[in-house]
Amino acid sequence: MNDSEEHATGPALRASDAERHQVEAQLQHHYAVGRLTLPELEERVVAAYEARTREQLRALLADLPGEAQQPAPPSPVIDSRLLIVLLCVSPPAALVYWLIRQRAARRLTTRASAR
1 MNDSEEHATG PALRASDAER HQVEAQLQHH YAVGRLTLPE LEERVVAAYE ARTREQLRAL
61 LADLPGEAQQ PAPPSPVIDS RLLIVLLCVS PPAALVYWLI RQRAARRLTT RASAR
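Under our numbering, think of the first position of the sequence shown as 1, with each following residue one higher.
If you are wondering where the hints come from, they were derived from the structure by calculation, not from laboratory data. Note that the structure is a prediction, hence the values are computed from the model and not measured. Treat the hints with care, since some could be wrong.
Just the calculated beta-carbon pair ranges, DEER-fashion [unchecked claim]:
hint	residue 1	residue 2	range
1	Leu95	Ala32	52 to 58 Å
2	Ala105	Ile84	31 to 37 Å
3	Gly66	Glu42	50 to 56 Å
4	Ser16	Asp79	41 to 47 Å
5	Ala114	Arg81	29 to 35 Å
6	Leu87	Arg14	53 to 59 Å
7	Thr109	Ile84	53 to 59 Å
8	Arg107	Leu87	29 to 35 Å
9	His21	Arg81	39 to 45 Å
10	Cys88	Arg54	53 to 59 Å
11	Leu13	Leu64	20 to 26 Å
12	Arg81	Glu43	35 to 41 Å
Quick reminder that beta carbons are idealized off the backbone N, C-alpha and C, glycines included.
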């Protein structure tokens, strides 16, 4: 085998622990939806953790349908009506609080100076 043929097929890439965990999670999912029996799941999980290459991991999932990527959950969105209400109510509420504090402070200074 010459260099170009070896480069075309490439050396078998080693699998990482993260990839093994990912394959286990996929196998668990396929078990949960009924595509694998418990003995099949156990056998494949053991094989996943014994796998040395990515190709060995791919072989464990080869006869299972690929799952379409689930859409990302929608990001939390603040209702625009709530935002408008908060923007309208907060400044007047802050002003009322400030006025009450000012009046209370004046009363305290007036009482203290009257004594």
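What are the numbers of the hints the structure violates, in ascending order?
3, 5, 7 and 12
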